[in-house]
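Model the placement of chain W on the given structure of chain R, informed by the hints.
Sequence order for the protein chains is R and W. Residues in the first sequence are numbered consecutively from 1, following my numbering. Residues in the second sequence are numbered consecutively from 1, following my numbering.
Everything labelled a hint here was simulated from the structure, so no lab data went into it. Any given hint might turn out to be false.
As the list claims (entries may be wrong) - Cβ pair distances, simulated, as ranges:
1. W/K15 / R/K20: 16 to 24 angstroms
2. R/E207 / W/I336: 44 to 52 angstroms
3. R/H121 / W/S2: 17 to 25 angstroms
4. R/G71 / W/A305: 54 to 62 angstroms
5. W/S2 / R/A134: 19 to 27 angstroms
6. R/E16 / W/I336: 54 to 62 angstroms
7. W/S2 / R/H130: 43 to 51 angstroms
8. W/D439 / R/E16: 15 to 23 angstroms
9. W/E412 / R/E70: 38 to 46 angstroms
10. W/D439 / R/G213: 22 to 30 angstroms
11. R/K156 / W/S2: 18 to 26 angstroms
12. W/I336 / R/K20: 44 to 52 angstroms
13. W/L340 / R/K156: 43 to 51 angstroms
14. R/G27 / W/W4: 37 to 45 angstroms
The C-beta atom is built at its ideal place from N, Cα and C for all residues, glycine as well.
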Amino acid sequence: MVTLDEVRRKLGPGVEFHCKHFHVQPGAHMALWGPSGCGKSTLLNLISGLLRPDSGSISVDGLDLIKLSEGELDRFRGEHLGFVFQTFNLLAPFTALQNVMLGMRFSDTIPDKEWKDRATHILERVGLAHRIHAKPKTMSVGEQQRVAIARALANKQKLIVADEPTGSLDPKNAAATMDLLLEMCTEEKVTLLMVTHDRPTAERLPEVFDCLGLVSEVER
Amino acid sequence: MSIWHIAWSYLWNRKLTTVLTILSVGLAVGLISAVLTLRAETQKRFEEEGQAFDYVIGANGSRLQLVLSSVYFMDSPVGNIKYSDYLKFKNDTEYVAAAFPISMGDSYQGFRIIGTTRSLMNHTWKHPVTEEEKSPYALSEGQYFEKPMEAVVGYSAAIHGNLKVGQTFVGNHGMIELPDSLKLEDHANMPYTVVGILAPSNSPFDNAIYVTLDSVWNAHADHDDEADTHVEEADTHDHDADHTHDHNHDHGEEESLTDEFHAAPDAEVTAVLIQFHSPAYRLQYREHLDELGSYNGAVPIDEIAIFFEKILKPAKAMMMAVGYLVVVISALSILIGLYLSILQRKRDLAIMRALGASAYEIFGAVLIEAFLVTILGIISGWFIGQTITAMVGIVLARDYGFVITPFGITFEEINAFCTVGLVGLIAGILPAWQAYNTDIADDLADR
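Here chain W stands alone, though its shape is the one from the complex:
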């Protein structure tokens, strides 16, 4: 029968109070744990996927928006640049190993339709830390697109959009799912045929549909000619900025190769994804880009770092502050609960002293009670936090292709848990001190 057993017995003797106190600590810790895990996991995933391309070039505007829209398919594109500009970057072989144009504007059931070149599908990259070779565009079935209006569908897009090889579908203008009546007038006469489905890469690349660049141009040639007014009324996205409108559409009727297009001089793309010969060029290219013209260029992982530092860090700090505030409130509930408990069992403590327990043992037993409540609160809080993380993770995976891993523990979490543990112990000191100072004769006489 150890002091731990004695402490636990007293906690168990008032189950309801103990469980409620543990729960209050657990909720606070759960909030902290979820914030820390989600932040760490999303940052990790953002940074990992950001390594897929060294640089992204687009129209002038927000760099972050350019990166989020072009690399993570999360935001509206900032605007367009000329197709001829893409060729200029592609041929800038001193720096550029590979350049991939992307053209956005349409979607299917919320998944972006990305017009690009066939070579993007062969793009692989190596994780800088793990050295793992990543092939986000590996096929799981079918084949890559060869002709206009053939589509290769990302894994999540195929599952949630219920798309299979051989199936046809009609894209929506913009990101809003249109009613069938509008859809018919919009792109109905330009259906896409699914020719391939990508293997899961647990990345945003799973959440897109890939077609040839001229497929997008063709679809919008049709759109501009026939159904402009309907779409303008239904679509809420930034129309001018979101896709190519002003290009010459004559080329769309021509048969094209998937990597080279007979584009008109003013044909446009949304952005160009760049792979340098060396990641070292990421820093140097800004200056070089300015020499080439007026463009917006960004290193994806740099923008993401800024994004987390400037935007998500204050949000995280606020959530953490709320979490720690709840911890303090929980600590107060531990203190009050134990204090009242000590008042109620002053006689028990006096009996233990009469049986030979030292004042230190009594102090320790009460402190252990605070410790046990806090530890159980931390453990239950971790479960609560990780369950929240797992649930948010389902949404993140579905909407953004970010697969996060819950039920892990980070150094930051361990730090936070230690802080909570310390606060819990401090909360136990006052009741323990009160128990330490038991007046045995008085408390035994108090019938």
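Isolated chain R, as found in the complex:
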């Protein structure tokens, strides 16, 4: 599903990200674990096409990201990736339903006429049938993260990238969110890459990739 080979990216003066090899099987659930600044988020951004490498190759779902133009990368993100962020990143002017529909708006995966049904269905699936018309600021953090998970899965993406998805939640909500994320990804047969600095959280996933050593100082 995801393969990186000899990927390098300069992060600042004398600091470089270097990943010799990284591979994820389709349908795998993998945690990218490491302390702050170890390069786990950079790895996630490179896989998501949010950052371009200085060298090396990145392949996601058969697509060579190095060769994709900016527009093609936009389309790639819309059609292949689902994002779950630490701070949920729901868009304030829109309701839960609209936030989920936005995930479909920017790709051609789901036909327009099905957006609403699909969004409603997936919100019901994450237990928010009664909150579909609520705006983010009226929702609890747990509800917001569930909407974010629904949005990430709405487009029938093949890869979910989650960056510290439980980082802003209390232990109870964190555990519930992890349960939901794993359950949904298993049910939808989606590959999950989850960044976390918390070892117990990382170990809830079948695979853990240790990101220590991805970022190093180099000679100027």
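Leaving out everything else, chain W in the frame of chain R:
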């Protein structure tokens, strides 16, 4: 969920800022719209009513003043010419189809009392473009004047002066409403009787009271003999120029026909309104008039065209400049508002990019926000402008008989609105460009 919906949602999410920005654009557009509409409507009305007479002849002085005072009842008359001169023009049948003397000087509650001939009441004219037959002196009730001191009252004058058929009233000397004590000594012993009221013509002709020519002479015979000193103190208008003073008043005691008067050799009228056999004579008559004597002659619509070109055009340009200045300021407020909004929601834009939105879609969404604010500003501005026009129109109709039609749109306004729309879009380009250049990874990491 279209890009338009996304753009609108972001505008709605900051309602107060959006409404204030729309209002600032609206006020600018309202000013422009009101100036353009008022100018277009007044010019249209001036030109239409100016077609009522081909030519106007009066004493030497300002042609514009002659036209404004004699045709539109708006300004003080320039002076008087002899009644015998009027007869000379009337009998100039090679050119002149009809000539109507008018004599001004008195008023009632701000409405001019016009001494004229009965034939003026039958005067009709055809609109040169629409071919519509205009009868500004058609009666709505009563009858036309037959004898001295009988009055036919214009529609607005009747309403605002509260005059009805059968009622009597006393004219004021000049255009200033005098206290009753002065009025009694002035014309009180020469009251007018309302015998007819004109149908509304939505023109300045609604704002006057029409009497026989010798009624005016009679009133001033009385005035000159009895109450001159009081009036001179109270009246601020140009006394000598405003009405007949020097004519022989003996004729006033005689019974006269409404179209022919036994006038003394030095009897005067304020102006003569002329209808030619053909409008083509308008251009030729100036030369002919010089052969007849030393007179001031003017083609009403020509003077009005000059009036709008030389006097109102700079005023309009100044108002438009102010309007466009406010547009530029409003555009800056759109720019600043959107720019700050983009700074505040860089993360939102990055999320949309992460969800698959292209940089072009983000650019378009921000530009649409600028467009929506501008369009709503233009629409609200048009309403504001037309409301101002309607309110000014009430004053114009009451004071000058000009009925203007608000809530229309002119080609000039469409041009102005397009310019404003373009300025609004330009104001949106910088914030849109900023949004276009979103650094997704950086903005998402910026917690």
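Which earlier hints turn out false for this structure, listed by number in ascending order? 1, 6, 7 and 13
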